[in-house]
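Mind docking chain F on chain Y? Use the hints.
Each chain, letter by letter, is given below.
2 protein chains.
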Amino acid sequence: MSEKKSVGIVKTETWTFARPPERLKLRCGEELGPIDVAYETYGELNEEGDNAILICHALTGDAHVAGKNSPEDRKPGWWDLMVGPGKPIDTKTYFVICSNCLGGCQGTTGPASINPETNEPYGLDFPMVTVEDMVKVQHALVTRHLGVKKLLSVIGGSFGGMQVLQWAIDYPQMITSALPIASSARLSAQAIAFDEVGRQSIYSDPNWNDGDYYDSEPPHRGLAVARMVGHITYLSDRSMREKFGRSLQDRKTVGYDFGPPDFQVESYLRYQGDSFVRRFDANSYLYMTKAMDYFDLSENHGSLIEAFEFVDSSFLVLSFTGDWLFPTYQSQDIVRALHANAVPASFCEIESDYGHDVFLLDHPALNRTISGFLSQVYTTVGESDAS
Amino acid sequence: MSEKKSVGIVKTETWTFARPPERLKLRCGEELGPIDVAYETYGELNEEGDNAILICHALTGDAHVAGKNSPEDRKPGWWDLMVGPGKPIDTKTYFVICSNCLGGCQGTTGPASINPETNEPYGLDFPMVTVEDMVKVQHALVTRHLGVKKLLSVIGGSFGGMQVLQWAIDYPQMITSALPIASSARLSAQAIAFDEVGRQSIYSDPNWNDGDYYDSEPPHRGLAVARMVGHITYLSDRSMREKFGRSLQDRKTVGYDFGPPDFQVESYLRYQGDSFVRRFDANSYLYMTKAMDYFDLSENHGSLIEAFEFVDSSFLVLSFTGDWLFPTYQSQDIVRALHANAVPASFCEIESDYGHDVFLLDHPALNRTISGFLSQVYTTVGESDAS
Chain Y
0 MSEKKSVGIV
10 KTETWTFARP
20 PERLKLRCGE
30 ELGPIDVAYE
40 TYGELNEEGD
50 NAILICHALT
60 GDAHVAGKNS
70 PEDRKPGWWD
80 LMVGPGKPID
90 TKTYFVICSN
100 CLGGCQGTTG
110 PASINPETNE
120 PYGLDFPMVT
130 VEDMVKVQHA
140 LVTRHLGVKK
150 LLSVIGGSFG
160 GMQVLQWAID
170 YPQMITSALP
180 IASSARLSAQ
190 AIAFDEVGRQ
200 SIYSDPNWND
210 GDYYDSEPPH
220 RGLAVARMVG
230 HITYLSDRSM
240 REKFGRSLQD
250 RKTVGYDFGP
260 PDFQVESYLR
270 YQGDSFVRRF
280 DANSYLYMTK
290 AMDYFDLSEN
300 HGSLIEAFEF
310 VDSSFLVLSF
320 TGDWLFPTYQ
330 SQDIVRALHA
340 NAVPASFCEI
350 ESDYGHDVFL
360 LDHPALNRTI
370 SGFLSQVYTT
380 VGESDAS
Chain F
0 MSEKKSVGIV
10 KTETWTFARP
20 PERLKLRCGE
30 ELGPIDVAYE
40 TYGELNEEGD
50 NAILICHALT
60 GDAHVAGKNS
70 PEDRKPGWWD
80 LMVGPGKPID
90 TKTYFVICSN
100 CLGGCQGTTG
110 PASINPETNE
120 PYGLDFPMVT
130 VEDMVKVQHA
140 LVTRHLGVKK
150 LLSVIGGSFG
160 GMQVLQWAID
170 YPQMITSALP
180 IASSARLSAQ
190 AIAFDEVGRQ
200 SIYSDPNWND
210 GDYYDSEPPH
220 RGLAVARMVG
230 HITYLSDRSM
240 REKFGRSLQD
250 RKTVGYDFGP
260 PDFQVESYLR
270 YQGDSFVRRF
280 DANSYLYMTK
290 AMDYFDLSEN
300 HGSLIEAFEF
310 VDSSFLVLSF
320 TGDWLFPTYQ
330 SQDIVRALHA
340 NAVPASFCEI
350 ESDYGHDVFL
360 LDHPALNRTI
370 SGFLSQVYTT
380 VGESDAS
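From first to last, the protein sequence lines are chains Y and F. Per numbering that gives the first Met the number 0, the first sequence runs over residues 0 to 386. Per numbering that gives the first Met the number 0, the second sequence runs over residues 0 to 386.
The hints are simulated quantities; they were obtained by calculation from the structure and are not laboratory data. Note that the Cβ used here is the ideal one computed from N, Cα and C, for glycine as well. Please note: incorrect hints may appear among the correct ones.
[Claimed, not checked] Cross-link-like lysine to aspartate or glutamate pairs, in silico, DMTMM-like; alpha carbons within 20 Å at most:
1. F:LYS24 with F:GLU116
2. F:LYS4 with F:GLU116
3. Y:LYS3 with Y:GLU43
4. F:LYS251 with Y:GLU298
5. Y:LYS67 with Y:ASP361
6. Y:LYS242 with F:GLU298
7. F:LYS242 with Y:GLU298
8. F:LYS251 with Y:ASP295
9. Y:LYS148 with Y:GLU46
10. Y:LYS67 with Y:GLU43
11. Y:LYS251 with F:GLU298
12. F:LYS10 with F:ASP79
13. Y:LYS242 with F:ASP256
14. F:LYS67 with F:ASP49
15. F:LYS242 with Y:ASP295
16. Y:LYS24 with F:ASP256
17. Y:LYS251 with F:ASP295
18. Y:LYS4 with Y:GLU71
19. F:LYS24 with Y:ASP256
20. Y:LYS67 with Y:ASP79
[Stated by the list, open to error] One side of the interface only, derived from the structure: several residues of chain F facing chain Y at Cβ under 8 Å:
21. PHE16
22. ILE113
23. MET127
24. SER187
25. GLN189
26. PRO205
27. ARG220
28. MET227
29. VAL228
30. PHE243
31. ARG245
32. ASP249
33. PHE257
34. VAL264
Next up, chain Y with everything else stripped away, as it sits in the complex (with noise of 0.2 Å):
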């Protein structure tokens, strides 16, 4: 096995289309435009064109996948794990891209950015946007701006394994492989409702202010509880049992009061919440769970077997034991209409009791079928080429 290194230091950088007169149109029948992409790649596209990789963020991700974007960056990007020199996704071998979803707020035009009718932010008159949309303008970054033709792969969990299914279906021809990992081809309804549990908090934090909130205070309380709710779920009962139990937080005896928390679980909780807040926006977590809610392939195509009809894609679909908010039986469900359909796809329950988040830890099954699947894909279209 090579060596694992860093992609080193990266620079986000920014595409921006849809200019006047051009707009884009979203599934909600608004339009919208000019749209800023942030986005970031690492490795070389090579000569054939058929090396790149493009990689699906998750709800609340960004394009910074991997390095730091300075040296003094306390982390590296979020799933540096994955991508780099010598690792899963080998940045030696794959052109690989990454960008941040439309109506996100990290660099992609979202409910935050400036509304060039008022010049003012979006907030709530940003039009809702759909998986369908956030893909649109994936495949407008690589098609027009990064002159890729077409992707070995697209890869992504959670949310972002959902954008993955979506172009499967809407780019069937310009997807040699997909890889959802811990996804669904829609919500369940217990997901739903952890989710609108996060936005009702958000509604609630009177400093929301219905999404005008710009030149004031903005809802870090509603969006800290937002986001302790939601990272309950991306763990599980057994996770948080091994890494906190019952243990408390420094002290001896409970507190018997209402102050400092007594245990490290909650504790653990407050950072999580407060550590969001300050690189995530409110309007931002509204819109993306909203996109996450609709997104829905059996819905919008009458089945999901109708779905897949024009699907043109080997598969890989993985799926983890103790994932409780995509639980594997919704996997399941891909690979069976993906069959019905005649498509190549593997499936793979990979053991782990650690919850939904498994995919952004080190996990060495994972990261084996990963590597091997694209490898396998990969030999398979340089044998193709030569032929």
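Below, chain F without anything else, positioned relative to chain Y:
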């Protein structure tokens, strides 16, 4: 099987104790008094005084278990399916008691009650109360006020089951049998985390005002969000899928906005939140969740086995397959520790994928198991009385 009837119209009674100079010593070190205890009883105490059953309510329950308080009531008490003439806890045979927990808000002294030292509601001056304290109050009611010398059984689900365990430990000679349902000897990290989310949601509501809101608008929005997240944990992925799935609420397509709920599950949650705030006090929610978080028989006694050392009751421990808030392994921990002390303890995991709240539903296996256990215990008591 005899006909199932309602207990009819019942009145919630109040008994007051710990009047000056008496005060109740609490586990936190503080003292409290006077204490009102709201309670209801159904059926008659028999001459032998051996047919009394105490029911302990769950986190947000109250003393009103069965029947209606007035003919106009839309709904009967919270366990009307279980308690009544001909029902599993048959009031033709048993004398059934239930009281509102200390710290509650449905008639028993809690943070919304008047603090005699200030003539204002306690608010956060109310001392932290624990399951031990709640059980102490129940014991006072049962022995001093109702004149019951020994309880045939103490029964409760969830937080009520914690009270059952505490009864068996603190008053081993006073209870013939114990029936904890979907309960735990100590709350899991995940459940503490959900409780903390609920509390943070209340703290975040500016109307909460550090618990001082009895003369102003109460923190209804924060409390509603707390209830919503709690409610999800009482159900299950499957029950929510079967009950709501992705059905839309009074509309044919999603709204692409942040207005009325898109999905039925969202509408249901909003309704749960809204109706809860009409009957529950936010401060009580804080105190009750803290009491639940703090409950830890292992911590309080060295180990769970030591906790049960002097237990002298027969046990029936029940859990549900689909309960992820108080999972079966927690009931099994209780049973193992009881068996290590040679306590007669039966364990039954009831098949149901409907989550934690199953004990409140009409579940034939649950009904049979409870009525059978009680009959057997009652017969044994009768035989030993006769001998």
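Right, here's what the structure says about each hint:
no. : hint                   : verdict
1   : F:LYS24 with F:GLU116  : holds, 17 Å
2   : F:LYS4 with F:GLU116   : violated, 46 Å
3   : Y:LYS3 with Y:GLU43    : holds, 18 Å
4   : F:LYS251 with Y:GLU298 : holds, 11 Å
5   : Y:LYS67 with Y:ASP361  : holds, 18 Å
6   : Y:LYS242 with F:GLU298 : holds, 18 Å
7   : F:LYS242 with Y:GLU298 : holds, 18 Å
8   : F:LYS251 with Y:ASP295 : holds, 14 Å
9   : Y:LYS148 with Y:GLU46  : holds, 12 Å
10  : Y:LYS67 with Y:GLU43   : holds, 18 Å
11  : Y:LYS251 with F:GLU298 : holds, 11 Å
12  : F:LYS10 with F:ASP79   : holds, 15 Å
13  : Y:LYS242 with F:ASP256 : violated, 39 Å
14  : F:LYS67 with F:ASP49   : violated, 26 Å
15  : F:LYS242 with Y:ASP295 : holds, 18 Å
16  : Y:LYS24 with F:ASP256  : holds, 17 Å
17  : Y:LYS251 with F:ASP295 : holds, 14 Å
18  : Y:LYS4 with Y:GLU71    : holds, 18 Å
19  : F:LYS24 with Y:ASP256  : holds, 17 Å
20  : Y:LYS67 with Y:ASP79   : holds, 9 Å
21  : PHE16                  : violated, 23 Å
22  : ILE113                 : violated, 21 Å
23  : MET127                 : holds, 4 Å
24  : SER187                 : holds, 6 Å
25  : GLN189                 : holds, 5 Å
26  : PRO205                 : holds, 6 Å
27  : ARG220                 : holds, 4 Å
28  : MET227                 : holds, 5 Å
29  : VAL228                 : holds, 5 Å
30  : PHE243                 : holds, 4 Å
31  : ARG245                 : holds, 6 Å
32  : ASP249                 : violated, 16 Å
33  : PHE257                 : holds, 6 Å
34  : VAL264                 : holds, 4 Å
In this structure, the hints that do not hold are numbers 2, 13, 14, 21, 22 and 32, in rising order.
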